[in-house]
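If you're matching them up, the sequences are chains A and B in order. At position 7 of the first sequence (counting the first as 1) the number is 22 in the numbering used here, and the numbers step up by one without a gap. At position 297 of the second sequence (counting the first as 1) the number is 1128 in the numbering used here, and the numbers step up by one without a gap.
I should point out that these hints are in silico values taken from the structure, not numbers from a laboratory. As the structure is a prediction and not an experimental result, all values here were calculated from the model. It is possible that part of the hints are untrue.
Here are some chain B residues pointing at chain A (derived, C-beta under 10 Å) [what the hints assert, rightly or not]:
| hint | residue |
| --- | --- |
| 1 | Q931 |
| 2 | G1084 |
| 3 | Q1280 |
Computed list of chain A residues with no C-beta within reach of chain B, every gap over 12 Å [stated by the list, open to error]:
| hint | residue |
| --- | --- |
| 4 | T200 |
| 5 | G207 |
| 6 | R209 |
| 7 | R254 |
| 8 | G322 |
| 9 | V406 |
| 10 | G445 |
According to the in silico footprint, chain A covers these stretches of chain B (three or more CB under 8 Å from chain A) [unchecked claim]:
| hint | stretch |
| --- | --- |
| 11 | 890-902 |
| 12 | 910-917 |
| 13 | 965-978 |
| 14 | 1117-1125 |
| 15 | 1203-1216 |
| 16 | 1244-1257 |
The beta-carbon is built from N, C-alpha and C at its ideal position, and this holds for glycine as well.
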Amino acid sequence: MSRLATPQETVERALAASRADGCAVLVEELSQAEVRFANNTTTTNGVRRDRRVAVVSFRLVPGSGPGAAAVGAGPTAVGVASASGEVDVEELVRASEAEAALADPAEDAAPLVTPGEGPGSGDGSPRGGGTGPGDARDAGFDDEPVLTGASVLSGVVSGLADAFGRARSSGDLLSGFATHGVASTYLGTSTGLRRRHAQPAGTFELVARSADGARSVWSGAGTASFDDVDVHAFEEQVRRRLAWARHQVELPAGRYEVLLPPDATADLMVSLSEAMSGRDAEEGRSPFTAPGGGTRIGERLCELPFGLRGDPAEPGLESAPFLATAASGTDVSVFDNGLPVGVTDWIEGGHLRRLRYHRAGAGRAGVPPSPPVGNLVLSLPGAAATLDELVAGTERGLLLTCLWYIREVDPVTLLLTGLTRDGVYLVEHGEVVGAVNNFRFNESPLDVLARTVEAGRTERALSREWGEWMNRTAMPALRVADFNMSSVSPAT
Amino acid sequence: MASPHPGSGGLGELSGLPLQAVREAALGRAAALGCSHAEVRVERIRSQFVALRDGHVETTVDDTEIGVGLRVVRRGSIGFAATVDVHADAAARLADDAVQLADDTSVALGTKVSLADEPRHVEVQWSSPYGVDPTTVPLADKVALLEDWSRRLLAAPSVDHVAARVLAVVEDKHYADLSGTVTTQRRVRIYPLVEAVGVDGASGTFESMRTLAPPVGRGWEYTSGAGWDWDAELDELPSLLAEKMAAPSVQAGTYDLVIDPSNLWLTIHESVGHATELDRALGYEAAYAGTSFATFDQLGSLRYGSPVMHVVGDRTTPHGLASVGYDDEGVAAQSFDIVRDGVLVGYQLDRRMAAENGFDRSNGCAFADSPLHVPIQRMANVSLQPAPGPGPSTEDLISGMGRGIYIVGDKSWSIDMQRYNFQFTGQRFYRVEGGRLVGQVKDVAYQAQTTEFWGSLEAVGGESTYVLGGAFNCGKGQPGQVAPVSHGCPPALLRAIRVLNAREEAAR
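Chain A with its partners taken away, still in its complex shape (with noise of 0.2 Å):
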């Protein structure tokens, strides 16, 4: 990539070049390495290094207010294109404000942010090494992108290899994933604000299949860095559960109270996440618009004082301290790159407390800006059961592996649609005593929570259903009552 100029070159050389009332430029580096297999080899290994640039071009829109307004103050038009590799920063930046020149004023249009500028959410106060409101320029802005590369996956691919004999010995077929990326941010503004935020994003996925498929397991996690993924341990966990299939009990569609692993909380929350949109419930087509109308804000959601919250400082789940996106949507806006993102509480003591707004929707509605946060974490105050200490002190009921094929059935009540997927198991008197058939569910994850009579403590969690799109959560394991489990599904 040296032929490429540096992020912060092409940063400010989109700055320089635009002719814009405002300009913010994004370039993200990628680096990515992932080995996949199946059916016990290797299949697919790959690395790929991207580069993405974005210009953002904003036009104050003359003749519709008094006097000269700050961009984004006044009605303000704006244009973004972008592109991958050896951009032409000119090119680039004149087709953004071609498309701002003939656009109408956005309805997200709110005040560049400025260095000083307050977070958008939370209570002020990013914790732990996040930069704070005032500092126009990241202390690392001018450092290089973090790479990575097939080196950090040599400790799986060595784990899989043993792994491998040992499932050809036994008769069993493993299969799974390996990744791990870095994206490295840098953000401009013709406001001053220089920004930078490398993510990293890792996954080890691993499944195994008895050879006849009637027995099929899966463990999953997600990792920084890949130093703390044993594929030893990972093995094992799945032989745990192998061994537990080999009694198989069939059991009909019904309500059953169930345990949900912390990975298939982590399913149905990204899922409840997703719908909290600010306007959506204003206008009155969300499970979280109030009837007659208004949102639900400050209404108790569940019996138990759970609460979901977001926070770039969270520890091990450290996502990017401030806003950056290359298109607006419902609740996200152009207008608010740079925004430092705070510590958000959604959910707190059971009560509904934020919903997704940027900073336009959210001044016309009269609440603070959420923007979205690259984490979720659902926690019950006191809660400290391991998912085994919850087995231990099950009557009867079903003990979940993971969730999948989630999808929104009705946006009315939030009811989702899905399936168990790669272990259930009835667990009576404290103990797990065979694997059971999957299910087809029907389930809100609002009835989930507020059916939830006891939870776990809190610890990195996987959605497998969401993982790839939102890496980093962190969930406890849920005991609910009379989960619907709708069908029988023969899939294993």
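On the provided structure of chain A, position chain B as indicated by the hints.
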């Protein structure tokens, strides 16, 4: 095979890139390093997306992705490397990186990879048929069209909110491999969509209804009537939404169904398309997309559905989203039977699956969604064939079921990891009594097991009822890849299918 659009032939938007130098550097280096196979793709993918909410622009994206990807097979091990740096020296380094990766991971290689042979295709060009490159249409024109559509719907009393959007993609791809095949292709596709929302503020509920116009392999001309009557569809949307909001909730139970092509395409996609991918059936997607009930040992014997069922896979259908001239392993596009007379007779293949399982040749189903992603087996256009000749009309099928439900438009979908158990909703549902539509019901979800569902297929519509549906966003693989794919089908009559009431499912 080649059908270059006037003015779009040649290298198109790739012409500014050093294609020959890149491919020679990558393949030359790969050959020198002892690779038995190497293929290189240089691609430029232009994507434009505009979304309006209640007539105001909410999102615009105008993106150009350029890159080069190289896959090698060396001593039976696969390595892939890719970069956005499209130059000969960088391409040569890709060969080093890919070979290094193939070597480093070979310690965990249990089954050596080989690829089925394919005739050499020398310097061939292909373009999908289109009129106007949608990425050349100014953003302002796109916004103006969506504003007009939005205003027309917002003027109706039943409509409280409108979402209107269009996604257009132009994919230029240059492929070369060690066997001497060199292809250059352009694919153009577009997906306009409008959704109207009605809110019942007092009860805190709402309903939506969207256009049924499918995504297609066409240009901007699609928005002005080529292949779809937008005016007619937009005109009827408000009254259809109003009727849905006032409709009674369905009584859960067992019903005969007539399923419109606008809904059935997705059921075909999920329960036939994915289930007959051979890599899935053999366990190569066990950790992610899943496996298949349609296991390889049942080829030629599995009773998939009733004798009415005839399903064809193809990469040749005009305007089909999976249609190509040559796939991403250099295999020429083909058409092949998957289910014939209700029996499983074929799978979708790539060169690796073909070689591993005794097929002489791949049927051309390899695809990578980005120059930075490795090609994997992806879905052909998988289509249910209509009854020969005029056959039954939709009305004929409805009149044949007595009491039942007629389902139109797709919405929610979910199916298990072996493609047995599925559940689908739709855009609108009509109760049928005495063989006649008697008004909409709502909250319908139908749930079935794949072979029972297709076994209950009693009749399909004739050739004039056949519609090509599809999606831009079929997901598969790790890292995840997104593929566009079309599915054609007639309406179908199915007996005794379980229908759930979605609102009751949530009640507790």
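Worksheet entry | Coverage of the stretch 1203-1216 of chain B by chain A (three or more Cβ within 8 Å) | Held - the stretch 1203-1216 of chain B has 4 residues with a Cβ nearer than 8 Å to chain A, which meets the minimum of three.
Worksheet item: Does the CB of G1084 of chain B sit less than 10 Å away from some CB of chain A?
Response: violated, 14 Å
Discussion item. For V406 of chain A, is the shortest CB-to-CB distance to chain B above 12 Å, so the non-interface label stands?
Written reply: holds, 24 Å
Worksheet item: Does the claim that R209 of chain A lies off the interface hold, with its Cβ farther than 12 Å from every Cβ of chain B?
Response: Per Cβ check, R209 of chain A is outside 12 Å of chain B; nearest 23 Å; holds.
Worksheet entry | Satisfaction of the Q1280 of chain B interface hint, Cβ to chain A closer than 10 Å | Check passed: Cβ of Q1280 of chain B comes within 7 Å of chain A, closer than 10 Å.
Worksheet item: Given as covered by chain A, does the stretch 890-902 of chain B meet the bar of three residues or more with CB within less than 8 Å?
Response: It holds, with 10 qualifying residues against the three required.
Practice prompt. Please confirm whether G207 of chain A is truly not at the interface, meaning its C-beta sits more than 12 Å away from all C-beta atoms of chain B.
Written response: holds, 25 Å
Worksheet entry | Minimum Cβ distance from T200 of chain A to chain B greater than 12 Å, as the annotation requires | holds, 16 Å
Worksheet item: Are there at least three residues in the stretch 1244-1257 of chain B whose beta carbon sits under 8 Å from a beta carbon of chain A?
Response: holds (count 11)
Item to complete: Please count how many residues of the stretch 1117-1125 of chain B have a CB within 8 Å of a CB from chain A and say whether that reaches 3.
Response: holds (count 6)
Discussion item. Please verify that the nearest CB of chain B lies beyond 12 Å from G445 of chain A's CB.
Written reply: holds, 26 Å
Worksheet entry | Annotated coverage of the stretch 910-917 of chain B by chain A, confirmed only when three residues or more have a Cβ within 8 Å | Satisfied; 8 residues make the cut.
The structure shown violates just one earlier hint, number 2.
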